[in-house]
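My request is simple: use the sequences and hints to build the entire structure.
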Amino acid sequence: MKRRCISIFVIVLVALLSSCGRNIPLEDLTISLILGVDLDDEMNLIISESSPVFNEDAKKNIETYQLKAATIRDSRKYFDALATGEVTAAKIQVLLIGKRVLEHEGWFSILDTVYRNPSFSINTKVIVVDGPVSEVIFYEPDDKPQMPLYLKEVIDKNYIRTRTVESNLQVLHRQMYEKGMTPTLPKIIKENDVKFVGVVLLEENGKYVDALSIQETSFLLILMDKQKQELTLSIPITTFTDEGGIFNKNMLSIDISKVKSKVTTNYKQGKFHFNYKISMTVNIIERIFPKDKVKEAELKKLIEKELLSRFEAIIEKIQENKIDPIGLGIYARAFQYEQYKKVEKQWGEALSESNIDISLDIDINGTGAIK
Amino acid sequence: MLFSRRYSKKPSPSQQFNDFVHQGQISSDLMENITEIQSVFCDTPDLIIRSLVIKQTQSQAVLVYLSSIADSKSIFNHVLHPLLFEDGQDINTEALNVSLGHIKKATSWQQIERAILNGACILFVEKQTEAYIYDTPDFPKRAIEDTTIESSLTGAHIGFTETGSENIALIRKQIHNRELKIKEITVGKRGQLQLSILYLADVANPDVLRELEYRIQKVNVDSVLNAGVLAEYIEDNPYSPFPQLLLTERPDYAAAEILQGRFVTVVDRSPSVIIGPVTFDSFFKTIDDYSSRWMVASFIRLMRYFGFIIAIFLPATYIAIITFHFEVIPLKLLLSIGSSREQIPFPPYIEAFIMELTLEMLREAGIRLPAKIGQTVGIVGGIVIGQAAVEAGIVSNIMVIVVALTAVASFIIPNYEMGSAIRIVRFPMMILASFFGFIGIIVGFMILLAHFIELESLGTPYGSPIAPLKISDWKDLFIRFPQWAIERRPLGTKAIQMKKANANHQKGDQQ
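Keeping their order, the protein sequence lines are chains A and B. Residue numbers for the first sequence follow the working numbering, so the first one is 3 and each next one is one higher. Residue numbers for the second sequence follow the working numbering, so the first one is 1273 and each next one is one higher.
Treat each hint with caution, since some may be false.
[Said to hold, decoys possible] The following label-pair restraints were derived from C-beta to C-beta distances:
(1) Asn1669/B to Glu88/A: 22 to 32 angstroms
(2) Glu107/A to Asn1669/B: 50 to 60 angstroms
(3) Ile8/A to Pro1619/B: 22 to 32 angstroms
(4) Ile372/A to Asn1669/B: 47 to 57 angstroms
(5) Asn170/A to Leu1425/B: 46 to 56 angstroms
(6) Ile26/A to Ser1563/B: 32 to 42 angstroms
(7) Gly1665/B to Ser121/A: 40 to 50 angstroms
(8) Asn1669/B to Ile26/A: 13 to 23 angstroms
(9) Trp1746/B to Ile13/A: 49 to 59 angstroms
(10) Asp82/A to Gly1665/B: 46 to 56 angstroms
[To be verified] Cut-off 27 angstroms, straight-line C-alpha distance, at most; resulting in silico cross-link-like pairs (DSSO-like, lysine-lysine):
(11) Lys228/A to Lys209/A
(12) Lys303/A to Lys319/A
(13) Lys70/A to Lys264/A
(14) Lys101/A to Lys209/A
(15) Lys1376/B to Lys1399/B
(16) Lys1461/B to Lys1445/B
(17) Lys192/A to Lys1327/B
(18) Lys307/A to Lys264/A
(19) Lys1376/B to Lys159/A
(20) Lys1376/B to Lys1327/B
(21) Lys1376/B to Lys1413/B
(22) Lys1327/B to Lys62/A
(23) Lys146/A to Lys1413/B
(24) Lys1376/B to Lys197/A
(25) Lys1413/B to Lys230/A
(26) Lys1399/B to Lys1327/B
(27) Lys209/A to Lys197/A
(28) Lys307/A to Lys251/A
(29) Lys1453/B to Lys1376/B
(30) Lys264/A to Lys228/A
(31) Lys61/A to Lys1604/B
Keep in mind that the hints were calculated from the coordinates and are not lab data. Source: prediction; values computed, not measured. Ideal Cβ positions, reconstructed from N, Cα and C, are used throughout, including at glycine.
The following block contains the structure:
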């Protein structure tokens, strides 16, 4: 009995002792939702942070700070000096990186703490800002939810609609260290509004090389075989002599579903050959021109030709820049390991010399509810 | 030292309670017997001593009984009248001419005293060293009514009453079988209590019966108030929050349990009977489960287990999340929780304790109060908890939802004892969560699980179909299989006759 009482007493004491540590209720924290990394004109590192304010007396429901700091972790002490609560990184939704940062090689090492510190959320979306990050992070539109929510929703929605690549910290990390692939990140721009404009293509070392528009990104995603929902494309049928006039009378919109994208990898005559076989089911959803202008069989060919030219444009862009956002290097490593191993270090170059063929097979499934 | 001294103290002789045994035999002298009776029952105004001359034998006699608990009418009609007016020449002269069924003879004062206190009337006859005991009790009793605690939709609307013999009759009404045996044991020195263990001799395990009997016989107390008190004396682990014996006021449920091979202990003067051995899942079953269709019953049963988990872990999880692990909350919920928590001056665990304790007090207040005032408590509680506390910024909206969910989840458990146990277990969980967050909850859960596995009920495993794992018993655990699929009694009862039905499933037209 005596022993039992003492042991209970000790357990209570131990519980009290060891729990003096950090337990802060969430309303007393400053929960960063956006983290911004940028360079200013004198090439100083600028870290910015935005977090919600729960207090009812505060007029704004979000507080945003921007400051010069040596590293991301270093910035925390300055944020702590500014913010009401303890600044915590555990719920960061969006990491904004200025395009200016990407223009310098080796920028990725600045994100070290994001991966090393386990309290960082690995699901954080990584977004590139074309222009200064501060313009986006301080932007407070009247007709939109808070910026972190808005940015997250915009990227998520476009990802589901096959318009942008998957881009969280985890994926970025993999893409950076994967030798057979180069990173791609979504890009936003602040004009009148903050809007999503496409993706940026990075080199193996992370340096910015080129950008793709929204529609080009969709084609890139088909090549990556990462198509999500039905994908809508509006394409002009270029064979018509007239240009369509003010009502764009040569436009055709199609819904692409059931895409099958298969790559076969070969190595012949000192270079890699990638043969794409893409088959897709297409529904015509909008056709501005009259029916009698094109026959159905002809229409199919026209669509195929149009889509093929888009695919080829992207592949050309990729080869020109000596990058590999599709991840064809992973295929090469899987099927032609010995040859791949030789060129592993200069994979971008090897890909630019390789032969990428695309054969497209579309099947028009429906032409809509009206004739 | 403090504790050891206190508990090693030996009871002094004066603290050992009196056995109240009246030694000695009755005398053949009538006057001596009357004097003895009067000395034993002094200050007992309802004691009636009636002298008479028996017509049959022409001998002096005295009739003694307690008028408050003996049935005066049957004494007049069936004892006094025949003794006074019938000569009984046509009958055997040995026995006295009394028109009653239950007649005993006694020689010791001990027996006589007990008989008088049980409502019998005693006949002392001159020059005889034996007294006649006529069983004529008439204790005040309640009529058989609908069950009050364990109400049921489609089950029988009959509940046990405070009369032991009537309760046995209610069970016998369900099981017309000669194998239904009754073992009688008396417990309590001062308030002697008649216990009857009912079981099916060819089904129930004799080892378990021996254990139950042994435990009851070991109870050596002044008085046992009711079934709950007895259950506490004989249960396996008094330090467990979980009830290890099931108390029920439903005869149909008790009978069903007897048919499964369990033992039902009817406690006289108590409106509930004790069922043992039970398993954990017994507390999640109702008689309605068997009278409704199996899909509905299974759904409701799953909800009860879900409610069990919610009621134990939800407030603890709330504390843990708000205090330690806010990362797991989705962003939009985080923003709304943040803004509702912002005005609250207390840390989450104090907030949770305030609300949970208020809820428990309200619940308890509602039970004991008369029905008319009880409504007021509900309204006051609803307004105080639901609205005013939130508007005054003492608790957050989310906390109110958590408390309400917890309350609903604990009320869904059909057994009151188990429901209360869950409410108790919740509080240590909340303390652990406020200290250690999720790790604390997991540790608490592991302790609970370890305790659950080692628990026994009358020497049989308490967690039976789950731990030890007995897959064949799962037919009546989370999912209630159709009746025709259950052909065997549960293994947990250790019944000696397992099969209870043959394959009964009928498909299509049989004729």
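task = Starting from the hint list further up, note which numbers the structure goes against and sort them upward.
result = 6, 7, 9, 10, 13, 16, 17, 19, 22, 23, 24, 25
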